[in-house]
Structures are given as structure tokens and as C-alpha cells.
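Assemble chain C onto chain W, guided by the hints.
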Amino acid sequence: MGDVLKGKVAFVTGAAAKRGMGRAVAVRLAKEGADVMVTDVFASPKSAWAGDEGWKGLEDVVKEIEAVGRKAASAVANVVNLAECEAAVKDTIDKLGRIDILVNCAGTRGPVGVNIVDGDVKDWEALFDVNAIGTMVISKAVGKELIRQNRGGKIVHIASAAGKLPCPGSAAYAASKWAVIGITQALAMELAPYKINVNSINPGFFATNLRDDDATMHSKKKGITVEEFRKDEYKMLSDMVPLKRMGTVDDIANLIFFLVTDQSEYLTGVDINITGGTLMH
Amino acid sequence: MLLENRVAVITGSANGMGKAMALKFASEGCNIVVNDIQIEKAQEVAETIRAGGRDAIAVRADVSNSEDIKSLIHQAVEKFGRIEILVTNAGAAGGADLEHSDEEEWDRVLALNLKGAFMLCKAVVPHMKKQRYGKIIMLSSMGAVRPSISVLAYHAAKSGIIGLMKNLAFELAPFGIYVNCIVPGPIETPFWDPLSAGMSEEKKQAFFAALGRKEVPLGRMGQPEEIAGPALFFASELSSYVTGQVLCVAGGQPGITQSMTFISSPESEGFGK
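Line by line, the protein sequences give chains W and C.
Sequence positions in the first sequence follow the working numbering and run 1 to 281.
Sequence positions in the second sequence follow the working numbering and run 1 to 273.
Rather than coming from a laboratory, the hints here were simulated on the basis of the structure.
The hints are all genuine.
Below, simulated PhoX-like cross-link-like pairs (lysine-lysine); rule was C-alpha separation at most 20 Å, straight line:
(1) K166/C <-> K244/W
(2) K164/W <-> K166/C
(3) K130/C <-> K244/W
(4) K244/W <-> K129/C
Label-pair ranges, simulated between beta-carbon atoms:
(5) G54/W <-> E44/C: 56 to 62 Å
(6) G152/W <-> H74/C: 41 to 47 Å
(7) P174/C <-> A67/W: 37 to 43 Å
(8) Q223/C <-> I147/W: 23 to 29 Å
(9) I147/W <-> A206/C: 27 to 33 Å
(10) P174/C <-> G182/W: 30 to 36 Å
(11) T216/W <-> H74/C: 54 to 60 Å
(12) P174/C <-> G97/W: 45 to 51 Å
(13) G69/W <-> K203/C: 50 to 56 Å
(14) G113/W <-> H74/C: 54 to 60 Å
(15) Q205/C <-> R151/W: 23 to 29 Å
(16) N167/C <-> G152/W: 36 to 42 Å
(17) S71/C <-> P193/W: 46 to 52 Å
Quick reminder that beta carbons are idealized off the backbone N, C-alpha and C, glycines included.
Looking at chain W on its own, in the form it has when it is part of the complex (with noise of 0.2 Å):
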């Protein structure tokens, strides 16, 4: 347990699902000092892991903060419904007294391998709505309250190795992750004179319930338990991984950590790959 965050209150989107980095990250925090707050939009999210069905979401993410010896508290709110952010970050005020840091995990992937000739414009409003404009909304929510506060501030949005490559198949995804990053660093020069710090991160290809919808489908078609889709597409993605392995959840802790801290004060309007060499530029 560390106290290098100590007196700080971190607010965390996207924090329910059992395997996915909002939870990790906010239990990281807490475990480095910080109190916290956790959203996310489904209260307590499917799990396509075998051994998750009793994962109660947001309140097990709780009792883990608590357990560290830290105060969190929990909202229900969609990034891109504004009024449920404020009242997210007002809940955030009255029950921890303050907000330092924004860790904006929420994101959805959409449909995957269809083509834009094909693709239904409505799949493409839902995916924007929630990475693109739920990423300007909780900025909005959470920026406006770390401007009047006064005290600077650290602000990360979770975009994609997806937001710097051509992916067919998946374009909608894509693009809304370009437009993340695209988002961070407008937010970042209209930040910098609150010496509020803001940049985003990259993941290449991680173990996360993100692939769940995916994994689900294909392994029905293909006629396999998720369990072994899951373990082949593991191996055929982590040979294309310099370093040779998935990403994990702890590796997204320990980026968001330093982005955090004190350490990376003049660090802003960045987006770091985090990849494992997969991604150089």
C-alpha cells in the first residue's frame, strides 16, 4: 500500500465490469492513497468468464476500495447523459470532498468485421455516442468542477492502438477512438493554464470483458466454448506483440499510476501507446 496519492480523489468510468481496466484502475488508486469514485452505466455488467456470475459490479468495486482502507463511494451514470454526470461528480463532492483526478475508462467496441459499405448508421450514433461524445461530456462534467476548485488536476481518456491504425471491419471503433485523442488534445491546451493535465493512453490487445460480444459470437459460429476461442486468439494476437503476450489489466494500472502522479507534471496532450511494441507511432 502506497501513499502517494494520499488526500486525493480519483473519479473512475467505465468501473463495473469484473475484467475491465476502470475497475483495476480504480482499485490501484485507492491501493496508492487515493479515494474513490466509480461509475459506470450498468450497475453490475455480464461477464462472458467462466467463474463471474457472482460479480456484483460497481458494489464488489466498492468493498475492494473499502478493503484497501480508502472511501469510495458509486454512481449508475452514462457518460453521454450530462445531467447523470453532474450528479455523479456532485455525489463525488458531497461524499469525498473533492475531485484531482479523471480516469475515463467507459467504451464500448460495436459491431466487429463489417465494412462501412455495409454498416447500419445506427451502430455507428451508439459506438460515437458513448467513446466520442461521452469522452467530451464527462470532460465537461468533471473539468468544469476541477476549474473551480482551483487546484490543478489530472484528467486521462482511454482511447486505442484502434485511434492510430486503419481497422476495416471495425471503423466505426476506430474512428471514435481517433476522435478521442483528437478530444484530449483540444482539452489539454484548453486546460494547461488551470495546470490541469490531460492525455490519453493507447491499448493494443488486451485480456478484458471488451472482447466478451466477440468472443461470444465467433465461438458459437466456430462451434467451440468461449474458453478455447478465447485461448487461440490469445496465441494468434500475442505473436504479433513484440513483446509476445496480451496486455493486462495491471499494465493499464500501472501507465494510468504515473499519469497520474506528481511525476508526469509536464506531461500533457499526449497519447501513449501502450502496446507492448505493437504500435511506434
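Positioned in the frame of chain W, the structure of chain C alone reads:
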């Protein structure tokens, strides 16, 4: 402690960013090989580290000289038995615009700022491969990403660092060796001495303040410690899945600011007069 009992070789660590990295790494439990051509100052840094309870040696070596580099790494391994972290920080600005550049200067600046990093990796990586672990951090320059003054040889060398870093990251990942690069923005170090030569201390501070305000989104120049933080990230397990990256630690540069090329503007020249 993020670097408990690790061993780091940091070139150019008698002053500025190198010194800040040496002290920060030591404060996280790391033993340090302090290298510089200014050996007295390097010895002072090593003494400070030893007084803080970590081990350190100071070694004089010119990184543009391959014999010096071999000797530096030999002494480091002799003393500590291993090297987990290499920071290729030594370097100095040099060069001019195309019209005023010449071949001799080009060779000198490239040897110091690019060949030195290559030779250091050549000497250190065999030790890292044996351990199947290593963290290499290279220092590039904002001029390699977005020049705001024309110093051709230096910026070419620092762009070369990015190519060297990416190739090595790819080549060495299977051995558990991570290679990354920091692009510092304007940091208050002796690096600026040639530009601020002849200015009074007051004028120098006004120059730095104007540069920070006009060129940097965060509105100020950075301190050496603010480069040491990201270096610690790359040197430690905080970067457990990050390799092959160029990290601009530059207060928001190369983002758009109101006066992107202050140091080559007439207003900047006014400070020197």
C-alpha cells in the same frame, strides 16, 4: 521503492536532466553509474547519492569516443556486476542552418548525439540479454519533432535517436529489453547557456519566462526533475507493457500555441542584446 537494488548507467549526469534522473532513481533504491566529461561534478553527484544510502561511482567518458564507452561499461560491470537501466542522456546542441553548416561540424554533432547512443547500446545490451531484462531510455529533442530554430545537425541526430530507439525496441523486445525515448520540451538546464550567454541573471529569467509563456501550453519552462519523473516511469515496472515509444514531456508541445517559434523570432533576439 520502484527501483530497489537496480543498477543504472546514466550518461551526462553531472548536471541538468541527467543529474535529476540520477538523484530520482537513487531515491527509488537504484545504484548509479554517474558519467560525464565534467568528472568533478560527476563525483559530487555520486557522493550525494552515497550520502543518501545508495551506491554510486563516477566515471569520466566522452560518449563520442568508442574506447571511452567500452571503458565506462567495463567499469560499471566491474563495480556492480550487472546493468538493468541505461539512459543515453549525454549530448549537446550544435549545428546551424544549411547554409552555415559544414561537414566537420556535422560529423562531430552526429558522433556525440547519435553514434554515442548506438555505441552505448552495443556495449550494454549483451549484459541485458544475459539477464533477459533491461530498460533503455534515450533522450531526443523537440527539434526532432517540430523544430523552432534551425540547428540541422543536432535535429538530424535527435531524429536519428528516434529511429534507433524504435528499431532496438523491436529487436530487443523478445529478450525482455524495453527501449523508449523522451522528447523533452524546453527545460531549465545548462543546455541553454550558449543562447543565454551574455545575459544578466535577471534577463535570463525574463527570457526563460517569455519562452515558457509563449511556446509552451502549460505556460512555463520545465524543471529537470520533470524529465526525471517520466524517466522513472520508463525505468521501472510502471511501463510494464510500454516499449518503442516517443514521449513528448514538453508541457503540451508540440500542441498549438500562440507563438510557436518564439526563440527564432526578433523578440527573442532582443533578449540577447
